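Number of protein chains: 4
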Amino acid sequence: MLKIGLLGAGRIAGVHATAISSNPLSTLAAVSDYIPENAEELAAEYDCAARTTEEIIADKSIDAVLIATSTDTHSGLIEAATAAGKAVLCEKPVDLSLARARACQAAVAKTGKPVMIGFNRRFDPNFSTLRAALEAGEIGKPELLSITSFDPAPPPIAYIMVSGGLFRDMMIHDFDMANFLMGSAPESVSAVGSSIVDPEIGAAGDIDTAVVTLTYADGRIAVIKNSRRAVYGYDQRVELLGSKGLLQAQNMLENTVVKSTEAGVTSAKPTYFFLERYMPSYANEWGAFVQAIQTGTPVPVSLEDGVLALKMAEAAAQSVSEGRPVKLSEVAG
Amino acid sequence: MLKIGLLGAGRIAGVHATAISSNPLSTLAAVSDYIPENAEELAAEYDCAARTTEEIIADKSIDAVLIATSTDTHSGLIEAATAAGKAVLCEKPVDLSLARARACQAAVAKTGKPVMIGFNRRFDPNFSTLRAALEAGEIGKPELLSITSFDPAPPPIAYIMVSGGLFRDMMIHDFDMANFLMGSAPESVSAVGSSIVDPEIGAAGDIDTAVVTLTYADGRIAVIKNSRRAVYGYDQRVELLGSKGLLQAQNMLENTVVKSTEAGVTSAKPTYFFLERYMPSYANEWGAFVQAIQTGTPVPVSLEDGVLALKMAEAAAQSVSEGRPVKLSEVAG
Amino acid sequence: MLKIGLLGAGRIAGVHATAISSNPLSTLAAVSDYIPENAEELAAEYDCAARTTEEIIADKSIDAVLIATSTDTHSGLIEAATAAGKAVLCEKPVDLSLARARACQAAVAKTGKPVMIGFNRRFDPNFSTLRAALEAGEIGKPELLSITSFDPAPPPIAYIMVSGGLFRDMMIHDFDMANFLMGSAPESVSAVGSSIVDPEIGAAGDIDTAVVTLTYADGRIAVIKNSRRAVYGYDQRVELLGSKGLLQAQNMLENTVVKSTEAGVTSAKPTYFFLERYMPSYANEWGAFVQAIQTGTPVPVSLEDGVLALKMAEAAAQSVSEGRPVKLSEVAG
Amino acid sequence: MLKIGLLGAGRIAGVHATAISSNPLSTLAAVSDYIPENAEELAAEYDCAARTTEEIIADKSIDAVLIATSTDTHSGLIEAATAAGKAVLCEKPVDLSLARARACQAAVAKTGKPVMIGFNRRFDPNFSTLRAALEAGEIGKPELLSITSFDPAPPPIAYIMVSGGLFRDMMIHDFDMANFLMGSAPESVSAVGSSIVDPEIGAAGDIDTAVVTLTYADGRIAVIKNSRRAVYGYDQRVELLGSKGLLQAQNMLENTVVKSTEAGVTSAKPTYFFLERYMPSYANEWGAFVQAIQTGTPVPVSLEDGVLALKMAEAAAQSVSEGRPVKLSEVAG
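Protein chains in written order, with my numbering: chain A, 1 to 333; chain B, 1 to 333; chain C, 1 to 333; chain D, 1 to 333.
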């Protein structure tokens, strides 16, 4: 039974608390948060201790920490926890700065401790079924990947301003999905973007709508579409054309009821947002982490995976600002 | 916090144990089974006591019992538990004998204790969404109901022989669904059936394929189709034609992946069986029971509902054996 | 090149005129109608002669006639045309009276001329694909057939009064579809019906909503649902459960556009009515007739098929009026 | 009644011959082809004259010509026919050379004769329904357009070599679809492409897989995906995200039959290729042309539309060869 410390007590930390305590191989020992009351509240709900982050990291009885704090603290906490001998599952992204993420990676390497990055979508049953079909050769050789990833509504401008921008905050999930499905890094990244959903997002220096094309050394192509607003719900679809067919992962719907009237045939909307859509993937992600730690096998999403996605985000941002495709090899770090 | 005793430790009892212990308003206090080792195993898993049924019923600290034992014990246990002052949630059917169920109902009435029958499908999110749309008037006045309910594979012959027959064991769920959606009892029941899936089922005196038509005093009609075998999975669909449209609850699929190849466009099968399909409905059912008990409001599926469904099963069996429609009023009890 | 006389110049005759003149193996030579102006109008459109029915039947240069007149004239015209040596394609039903239809069948038998009955749905690409899959063994042995057949809106009461009733006028198509897919006649027919859509239909002595269950000697079962009103369009679906799977023919939609908004995900309605839905089947039906005539092979839908469907309609009507299942062998004729 | 001359007697000319002769407002007067036997065969089928192209153009009784010859002859024939006073419907593209197309446009302008370019997909019922919904404001303001356009199988290498390349031959349809739906020309074109389907296509100097991103002055974005091979059929989908929802035009399927077995739930493939999928659009296209000519209103797809799509193809080709986005304003002509 792994004893787990949970760093952070916000919304996503609550999701992880459920996964940790539901898993028969792990137990939630302690929670911390920069607002102690939040930690106390979550600790009460899950019948564990509320402590400081420092106490948790120093506690030798704790085997692993799950980092669900704000992005700017990720690198430091990964370093501190691995230095203290703990295994780590850290929410994405590793850091907003690629250089800082690289430094973190170097520090972790010295400890030899496992660090997994929380690209939970890899553990979504639909996407993992799609990948299994691909690996089983069901569509032959992959050629053209398309990822549609629209949020239901934009976050507050205050969030936008500290988010690192759409590529590092939102599309980073899709960059990792491309890596997960294509199995290798792209050669070049070509991005366009605009703030057509909300001009305030543009005024804040970010974009809300973007299309990124990735090219691979062997001729494969991937295209990722992001929008901060799809009023009908959380639109999360993947399709992959191969030499022998097409694989699609479609949206999950709120229910299976269909209504036919004079006005048309209406079915339910996609599940609203990530908590609804990806709840099973958080549980699966945690299960995969626990299993890797217990069996001493590599974690399924490495710190290197986290750094690669960040590098692609950096290239995309550079592509938009310079108005040209950017080779991944151009990105320093 | 309601303290619950679980009577029975089989497969479905395990599902209920999860629902009871996950609900913040109830706690699983004790489990019994006619095979004590089964009770001990389940008790260990849920960290509660393994006791005898008699002990649980006699324990004044236990507020309610969930009866998940074999059908022949249902009536007796409902009577004993309510006489001991407990609220009861009992798996369907109340009994295989309508007379016995009626006697149970009379006994319970004297205690004034709430008894809910486990027609869990009423709590399936799809069927309850369909009913809500109906009640909101979205298809006007209901006219013609169709229920498709196919199991993935027939049970063992040994089970068939003690099951009470397809109408009391399997279609009883669909009779209750018809009552749930139509809001009143039918006037007459007309049934046909055969053992075309497996002649051994016929040799055991039962049928495996059946169509039952229900007529209502106001001209509405319902038709229920059952088969013990749909090799593609658990086929659970409802559709209701009304004066202003059609409502359908379609199957839930194992995943949303679609594969297009030279052979066609293939999507996932329906979820395999009731544990997969109705898991959320068991949790919702339990939540509804707990809420009714705590607020002192009527349970949403009454013992009378259980008796009505049983009466319809009786009428259907009589219809098949006599080769004619049977009025519900003809059924003694 | 077959020279064709078209008897009748109403709406459905227009559909047949198109089929006849588009087929490279047939040419439309003449049209008649009891209202001569109608015949003249249609003749002008298709550049052929407007003549009397008697003239067409007497014209030795005409090889075959298509009978698209009112139902009460069908039997007489079939007899006259075959007696004159012509091949016949006659719209359904053969007659409203089973006895009259039997007499017609006897008269035709003496001429040895081919008579095909216009159960056009057999030639619908979806239903014929379904049947081909069944015959290819794709779902093993058939067990349980369901036919959903709803009109978009009821016809005028004046039509209802001369229609012969829902079973002979509307469900007769579905009886033939059952025969087409099941490959043999049922043993018994059990029907319920009501006039819940429009009480005026009831006042006119007919029903507007019906469910009919057919049982077969080998244990197979079929169920047919009819309603005169589905406000969302023409609902024409078939599904057949077999030992190795399920085949469904779903509705054809007006277009493939899907709109997702805050209100839900809306797709197009089914094509509105039979002219839209079954236009290709009329062309295919005609092609099959022409080919049979030219090759001297049996027509794919025989007069016997027409009589069988009528017999089933008769049994259904009797079942409703007597409130009991009726064996097909009980039906005189 | 417009008298029409058809230039060309190949496969697509046959489709147009059907449209011309089925339309009540036009009649097919004459056909020509550079292989006279082909013209004679088609003329025999449609009961019209086989003549030389020169004769048709010189014939004052012919009101309009439909040009369905090889691409290299389009500009010259447009010029000759308009100079002879005829209205023209010409298959896409206007020319492989933008300069040549511009010269043609200038020559036509002097004649004042209407020239329509055969972007038939604008007349597909699904795409035109989508556009009508957009114009009705059903998804608010458009923001992000995606076009998926995959052929079932690559053409012969010999065809590839004279085709003008994927952008001018295949994606030109999608460029026009973008113009049709977005209502204005893009500002810049960014393209990537590879020959991953078949290296021989690469050896012939072309690509078989491409993604093109279009950006608009107001921040809207469009992305077009092309592949020469989708083994499951002709994949022709459009989706458009707007401020109030999403519109999708999905594929048309060969039939509506769905088969559920142990292997999954299988439906029909998309209709195989353009003749199957776009047959109704050719008829609608011709109808729109005839109506414009007869009413003296502008043709719905202008020569300028043809030139704009060609310019976008040119920009895309330049973008691939130079590895950078190309502004439409950079393209000479």
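Calculated directly from the structure, the hints in this document are not laboratory data.
Note that the structure is a prediction, hence the values are computed from the model and not measured.
Backbone N, C-alpha and C fix where the C-beta goes; we use that ideal spot for every residue, glycine too.
Take these hints with a grain of salt, some might be off.
What the hints assert, rightly or not - Among chain C residues calculated to face chain A with C-beta under 7 Å, some are: (1) 98; (2) 99; (3) 232; (4) 260; (5) 261; (6) 262; (7) 266.
Against the structure, the hints:
1. 98: violated (36 Å)
2. 99: violated (41 Å)
3. 232: holds (4 Å)
4. 260: With a closest approach of 4 Å, the residue 260(C) hint holds.
5. 261: holds (6 Å)
6. 262: holds (5 Å)
7. 266: holds (4 Å)
Consistency with the previously given hints fails for numbers 1 and 2, ordered from lowest to highest.
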